[in-house]
Structures are given as C-alpha cells and as structure tokens.
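Residue numbers (the working numbering), protein chains in the order written: chain A, 1 to 295; chain B, 1001 to 1295; chain C, 2001 to 2295; chain D, 3001 to 3295.
Partial list, computed: chain C residues near chain D (C-beta under 10 Å): (1) Asn-2175; (2) Ile-2205; (3) Met-2206; (4) Gly-2211; (5) Ala-2251; (6) Ser-2260; (7) Pro-2263; (8) Gly-2265; (9) Leu-2271; (10) Leu-2291.
Simulated coverage check for chain D against chain A, where a stretch passes if three residues somewhere in it have a Cβ under 8 Å from a Cβ of chain A: (11) 3257–3263; (12) 3272–3283.
Think of the hints as simulated: they come from the structure by calculation, not from any bench. Just so we're clear, the structure is a prediction, and the values are computed from it rather than from any experiment. For glycine and all other residues, C-beta sits at the position ideal for the given N, C-alpha and C.
Okay, here's what each chain looks like letter by letter:
4 protein chains.
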Amino acid sequence: MAKIGFIGLGNMGAPMARNLIAAGHQVQVFDLNQHVVSQLAEEGARACKNANDVAEGANFVISMLPAAKHVQSLYLGDDGLINHLGDDTIVIDCSTIDAASAKSLGEALMDKGIAFVDAPVSGGVAGAAAGTLTFIVGGAQEHFEAVEPILQNMGKNIFHAGAIGAGQVAKICNNMLLSILMAGTSEALQMGINHGLDPKILSEIMLNSSGRNWTLELYNPCPGVIDSVPSSNQYQPGFMVDLMAKDLGLALEAAQNSGSATPLGALSKNLYTLLQNQGAGAKDFSAIFTLFEKK
Amino acid sequence: MAKIGFIGLGNMGAPMARNLIAAGHQVQVFDLNQHVVSQLAEEGARACKNANDVAEGANFVISMLPAAKHVQSLYLGDDGLINHLGDDTIVIDCSTIDAASAKSLGEALMDKGIAFVDAPVSGGVAGAAAGTLTFIVGGAQEHFEAVEPILQNMGKNIFHAGAIGAGQVAKICNNMLLSILMAGTSEALQMGINHGLDPKILSEIMLNSSGRNWTLELYNPCPGVIDSVPSSNQYQPGFMVDLMAKDLGLALEAAQNSGSATPLGALSKNLYTLLQNQGAGAKDFSAIFTLFEKK
Amino acid sequence: MAKIGFIGLGNMGAPMARNLIAAGHQVQVFDLNQHVVSQLAEEGARACKNANDVAEGANFVISMLPAAKHVQSLYLGDDGLINHLGDDTIVIDCSTIDAASAKSLGEALMDKGIAFVDAPVSGGVAGAAAGTLTFIVGGAQEHFEAVEPILQNMGKNIFHAGAIGAGQVAKICNNMLLSILMAGTSEALQMGINHGLDPKILSEIMLNSSGRNWTLELYNPCPGVIDSVPSSNQYQPGFMVDLMAKDLGLALEAAQNSGSATPLGALSKNLYTLLQNQGAGAKDFSAIFTLFEKK
Amino acid sequence: MAKIGFIGLGNMGAPMARNLIAAGHQVQVFDLNQHVVSQLAEEGARACKNANDVAEGANFVISMLPAAKHVQSLYLGDDGLINHLGDDTIVIDCSTIDAASAKSLGEALMDKGIAFVDAPVSGGVAGAAAGTLTFIVGGAQEHFEAVEPILQNMGKNIFHAGAIGAGQVAKICNNMLLSILMAGTSEALQMGINHGLDPKILSEIMLNSSGRNWTLELYNPCPGVIDSVPSSNQYQPGFMVDLMAKDLGLALEAAQNSGSATPLGALSKNLYTLLQNQGAGAKDFSAIFTLFEKK
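Work out the full structure, taking the sequences as your base and the hints as a guide.
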C-alpha cells in the first residue's frame, strides 16, 4: 500500500480519493474547500493544512484541478509544490489541461529529478464514484508501470498514450472526435425525421451499418430511442455542453500549436458555441440534437 | 422458387443476379451490354432481347442502375416497363437514387396497381459477390415481407426503413454520417500524429473510448494500423471517393428538399470535392486522411 | 417601340411590366391571377386570355416566374409556348432558376430557330418599381445587344455575363458570395460587441480597411448602425431569408454540377437553414446577425 | 517635435522609425539585430545599448514586436522596461498580439501611472515604407489624442476603436473578415470559371453588385484580372499565408475568450491551414484561390 497525496477534491476528485482510501492506501488530502477535506478525514484520509503538506513522505501526488492556471500555480507558483516534493515521489496530474502546459510542467519537474505523468480521465462523475474511469497516461514507460496499479484503484481502462503530454493530446483527440460523432449523428437523425422516418428504426439501421458509432450505441441524442440516457431525460447531464465546449477549446489550441487542419472539429466547436449562446450550456452535450430541430 | 426479371448487370448487378441463379430462381436478365447478358445466360439465366421482355411472367423485377435518370427512363420513358408489368409483379429498385425520384416512381407504379419497394444496398462489389449485402428497404409492410426472402439470397442484413422512399433516405443518412466519421477520424488521427503520437496507439485508445466508430473498428484511414484495408494498400478502393461524393450529393439534395440543416455533412461533402479536385477521385474514400497531411 | 409579351405578374413582374408600358412599348400580359391582368390592362397593357396569346406578333417575350418547373412547363409543356413563338421573337427569361435548366431551355428554343437569353435580376421589389434593377444576361452577343435597350427600361445596370446560362451562373455566384459577406460581417461584428466594442465604430473601421464589403457599406446587419435598412427596422424585408436560402440551394446545385468546392457557401447555406428552422424565414436575410447573438 | 523611443526594427519597424526621423523627431532605437540599429543611427537615430535605454527622457515609447511573449518579456520581464519608464511617457505598442495580453500589459502600466495604447497596424511593408499605414488604437480618449499626431507621421488612417485592447480586437475582427472575403470570393470565382465564365467579367459583375468587397476591388485572387497584385505575380507576397494564419489564430483565441460563434472564421482558418500544409505558407494570402482549383 502506498502513501498518496491528493489535491483537488471537487465532483471528480473527492470520489477518486475515496476509492484510493477504500483500496487501503494512506491518503492525505487538501482542497481550498475545508468542508470536503473534513468529510474525507472522517472517511479515513489525513487532512492537510495546505497544498505543500500533501507532499510529506508521499510515494505519489495526484492533482485534479479545473484548468491549467490552477495546475501551474499549484506546482510552479511562489513556494510551489515543486519545492516540497521528494525525489522518489511520482506526480500524477489528472486534470484536463492543454498539452503544452502539461509538457512544460513535466519538464520543470524532471529538471528537479521528480517523475511526472499526465493522466486525464474520462467517464464523468458516475465513473469516478464507481471506480470505472478511463485514464489516458503520458509519460515514460517505467513511470506508467509505476502508476498503473494506483490508477486501477480508480478506473477500469488505463492507456499509455506516449511521452509526457501524450495523455492530454489523446484525450483531446478523442473528445474532439466525440463531438463530431454526436453532432454528425444528430444531423443524420434529424434529416431522417424530416423525411418521416422513425428515429428508432433509423438508429437501428445505422447502428448495424457503416454509420455505427459510440453515440448511436450508448448515448443516442434523440429522446426516446434509448431509455436512461440524458436525451430521454430532458438532457440532464451527463457531460455538460459547457464542458464539451471547454474541451473543444483545448482541441483547437492543440490544432493551432501543431499546424493541424481540423475543419470538422472547428465547425463542431462553433455549433456548440451557438448552443451555449442559446442558453443551453448546462444541458447534456447530446442536446446538440436540438440545434437541428425545426422549431 | 420465383421467376425474377433483372435489369442492370454492372459491377454490382451481375454478381447479385448470379446469387439469385445459385439460389435456384428462374432469372431473366437484360443489360445494354450484350456481353454480360451472354455470360449470365451461360450461367443459367434467360437472356432477354430488351428491357420489357424481363417483365414476362415475373414475380419480381429487380433493377440496379447508376442514377435516377436511368431508372426513370426504364420504367416511365416512352413505352416504359410500367406498361409491361403484370398486376402481381413486385418491383424492387436497388439503385441508389434520390428519395424524391423513388417516391414518384413508386406512386406511378402504385397508381397502376403494381407493388414497389426501393431497396438500395451497401457492402460494395465484394459484398455483392459474397451475398452479404445490406439492403435498406422502403415500402409497405406486406411488400417488405414478400421481398425479404428474395433479398436474403443476395444479402445478410435486410432492414425495413419505412414507407416508399425511406430506404433511400436511410441509406443516404447512413452514408452522410459515414463520411463524417471518416473525415472526423482522419482529422483526429492527424492531430495526434502531429503531436508525436503513434496512430496505432491513438486508434486503440479511441476505439476503447467514446470516439469509437465503424471506421476505427474496421476501416482505419491511417496506413499501417489495420492490414488488408485500403489505407494499407495505397488507398486502392474499396469504395471510391467519386462514389462517396455522389452519395453526398444525394444527401445534400435530401437535406435541401426537407429543410434539414446538415452543416457537418455539407462540410464533409466539400472536403471530398477538394480531394476529387486534387485528382484522387478513383482512390478509396478513406484517402480523405491524406487531405489533412503535412506535405 | 416594341411589341412585348410578358408572363408572370407577381411582386417583381407587375412593376417591371409597368415600366415597359411607361416607356411606350406595346405590352401584352398574362398571369394565372386574373386580377393583376385586369389591373395592368387598365394601365395600358393588352390582357391575354392565355400564355400562348402573349406570343402574338411579339418582338420580345419576357417571363418572370418563381422556379424552373414553371418556366419549363410554360415553354416546353404540352402545347407549350415554344410552338407559338415567331422566328423573329427573342425570349428573355428573367426568372432565377438553375443554370442547367436555363441552358436546356435555350437549346430547345435555338433548335427551333428562336433566340433566347437568360436575364435574372437583382434589386428586389423596390428596384423593380423604381426601374433600377440589375440584369445579368447570358446569351449571344447579338441577342444581348438586341435586348439591352428593353432591359434598360426596367433596370440600371445591364451586364453581359457570357453564353446562354451564364446569367444564372453569375447571379448565383454573386448571391452565394453575398450570403458569405453577410454572415461573415455578422460574425465579426458580434465578436467585437462581445469584447465591448461599439458596432458603429467597428463598422466604420472595417469599412475603411480591408474588411470593406457591400453589407458594411449599404446594408449593415447590426441594428442602429445604418438607419433605414432592415436591421434597424426589426429585420422587415428587404430580401427574405427564405429567398436567400432558395438561391443558396441553386448555388449548391451549381457547385455540385460543376465539381466546385464551395465550403464557405455550403456553411453559409446551413447557417441560413438553422435560421429558417428557428422560424425566421420571413425576416430579412441580414437577420443572420441574430443567429450569433448571446441570448 | 518629440523624443521617441523605438524598439523592434524588423521589416515593419525599421521603415516606421525612418518616417519618424524624417518628420523631425528625436528617435532613439533598439533591436537585438545590431546591424539595423547601426543603419538607423546613420540615418539620424540615436543607437541605444539596450531596450531600457530607449526610455531615457522619452515622450513616447513605441514597440513593434512579433508576438505577445516578446512584448510581455520586454515590458514585464526581469528588469523590464516598466521599471525604466517615466511618468509622463506614453507607451504605444504597435505589435499584433491577443487582446487579453494587451489589456493585462495596459493594466500593469496604468498601475504604475504610465499611459498605454495598443495600436496594431495594417498596410504591410509597403505601407510602412510609404507612411500610409492604418493604425487601430485602443486606449483612453486623451491618450488617443496625444498619440494621433505621432501616428500620422507613419500612417494615413488613424482609428480610435475604444478602450485598451480594443485596437487589437478591431484589427483581428477586420482580418478575420478579410480572410472570409478572400476565401469566399475565390470560391465564387472558381465556380464561375468551372461553368465557363470569364473571371474578369464575373469579377466586374460582382464588383458592381451586392458581392462587392475589398478583395474584388483591390486584390483579386484570380491571376490576370488585376495587374500588379500578387495573384498576377505568382502569388509573391504581399501578405503571407503564414501571417494570415497567425492572425486567424489570434481571432479564434478572441472568439474562444468571449464565447463568440465564428463558424465562417473558423472554417476560413482551417482552409488556410490546409494551404499551409500543402507548402504554400510563404505565398500571398490570395493564393487561397488555388486551393479551389481543379488540378
């Protein structure tokens, strides 16, 4: 069993930390929200007084924060965590941030002899609670092997995408593609409906043909085709439009930085922005289906 | 066993007719190309002298032609087939044409008491030869039930999409979505490659995540990820860029006629046109991957 | 002065015919709407009993109809006008239709020795009333020279675009570009507004820079920048969204027929379809500005 | 006459500084390139030993640098210029950078009581040499009035776009719109050409119709329509594809930061990226016309 520092106990971080406690690790936690720190202390964690305190004797330090600026500030800010980490600690950043920031953080840590992997997740709050997250890891092979058993306590699929930063790149490639699948499937279903087809039948046909994709299988955007998905529940999230728009922002930044042409991803981003501007930011991302409806 | 008239013995039609002969039906065939008519006669079909001759005593008449104008001319032209079909013949048009033309042909036939289904196929030349085509059928329930056993001699999956024309609509919805999957997957893979990721690993990650789709599963557009698909064989088709562009033309016509917004489908169409204009029309449609390459 | 047959007395056709009467020509008119025929008879036209009657002794026959099917039916239908036109009549079709239909009509007429030009207009109802329309003419040089003085009685700018059909092509190229200018200008203004800029000042800057275009000059889509344009009058048309969408449909058909890549035109078309599907089809086409608003 | 510090003597900065010298100002210059500093010293400037030296007694300090990181480093880096500027100096940053960076620089300077305007330019190297640049200024009214006479020594049109940062926003709105005009005009011309129209005639028609825009007037992308523009000279720049792509990157960042939907701008950006990936980055930005050509 390991000693694990955990910083960032939000909707995702708290249940992830709980799963580490449940697996028998010695977990020491910090968050600006004292309430959630106390809660986790009651559940078996050690409450830390500040961020740097989580580094104390830790084999692993895990961070799960909202954006790159928080991650940078935590590790590289004035009196940052970088100055408090031991040589044999491995840092695992599970935040979803841009690849360039992940790389520069990794380089800064490696310069001081501290191992680093970026390990963004997918699977949402439900996956965090159930311990079924997907982790997409960037970092050296030996570090991947070292962190894999820890991540398995919180997730089901653990992928090694490549060098430092590759976890972020792979996640953002996947989510950009997901937005295209969702918007494209929505377009196709609406065109069928406009011609009088039954969306259940059309979905069934495409699911068994070359139009098959994850959204048709598990997350149909048309209300009533699959029970128990957000579209059949007034588009209650699930994965919010605002979060998909944030990920698409990271994707376009990654495209820009690498000179990649992503015309469908860029269009998809703008369709999601139109949806946000109609006030649907807090709905599930499958609500893109409604953008194509005849009102 | 049935008596079946078959018109249109091209790359698709000839092997389809062969499968009907092999199943034991009495098949009578016509094509403007006398050579292929003779060939099929040697294989057991009755050679007809003209198109109208195929109607003679037929339980079913099947047509497999390149475009709507050929279908219209065949059935509704001067001294068209409509005047030679018996009351108890069921017409099965397997051509891929626009839904509006399919509907108006169906109406013209029904007005004369002749049953009609549109039944476009997918699966390509290989599927036609192997008898594993997918048929997407539009027409009345009783007519679907009547034609289903015949279509099973030529295909594996037989779907009933709805009323007359619905087969064409469903096929075109599927193929529009397929073009989006292919182009979107290509973009995502290229962006990963531009960041130094291995496309095999990135494909594997997305295939096991929410980016999963038919192209990643069975038809990866990046050379070397899946052996034996067109991308690993210099983009030898397969399903040609020119044919995908034709189907996308039908899709946009269907969108226009129904007031459907299909921004990703329209963009995908234009990316395929850019590819055609670079001289790649005869390559496999997965060659859209090369459009996003850094030269 | 000439003897001129005129068919199609709608919002555009009626004032055009009036301007011909006012110029002193002998005008003989027909429309399915008897009321407007009677009105024009009171204003000096000869009322015709049917479409073919307008051909009687005419130097020119002008048609102004809603769509290609009406034009084809008029000239080439059963007992069509083609059978009643004299050898020395010049046919001027002012309808906005697809180029392929214009060409095939022109060929059918030329085969019978009848001269033809396509001459679609821009300038709207106001321009028709004021006699300030723009005519974009396709046809032989000698026919252009023959019709030019007649068109000058109804318009201000008379362009010769090329051979038969070229008038339609040039008009549709222009209107596709116009939709791009309008949507692009709207995007740019909204982005400025979202950053706190005054749209009047931003418009003034872009009008004097390389962003200058017809919409900024004469038809600003942002309410309050230019008085007396539709955007400053609740987007009362003007040129309706539905009509722009129709023209964009013709443009994409022209792109399809010629293998032209028009990605921005196709996207613009789909943005206009989204606007229609929100119920704004009867507003002025500058209302595309509202699609980009934060609600 | 004023004492003016000038930092950044590249293709744009050097001729701008020359025009200030020619106008009789006392100009003190710095650049990392010693050669150009010596040149300007021979032409009447005072050569500074380092960046901070240009602040010495200056009424105005002007910077003209390639990107935000250079600007930030110059003013706000270790021992940055901010520590060497007098209270009565007005800082004029003419670099094209993102609005957020301009705002935060402005705030940092204002906090120390130093006046700031952002004043990005358009007009290119030719305009810099001729003293005919356009300046788009963001800052307080009194500071605009103070810098206007100085900018008039280097340019012809001096606009006041709004508060600090507004100059960058307005420029980027304009250049995003320009890219849309250029790509849209190219599409429309190619579609006309594909139908057999003469691009000179089609350009003339659209220039006199509602398709009129700056590119048709002054910078036609089709070779041979306007002499002496880049398209008629093998697309020698002019304004490079790479620079337009950079500006479009800033535009999309500005869209992202403000939640603006810019679907045409985003598509235009990706078309320019496709062009870069074909190896055309160093050509003039009107070369987007060639992307739509049939090869």
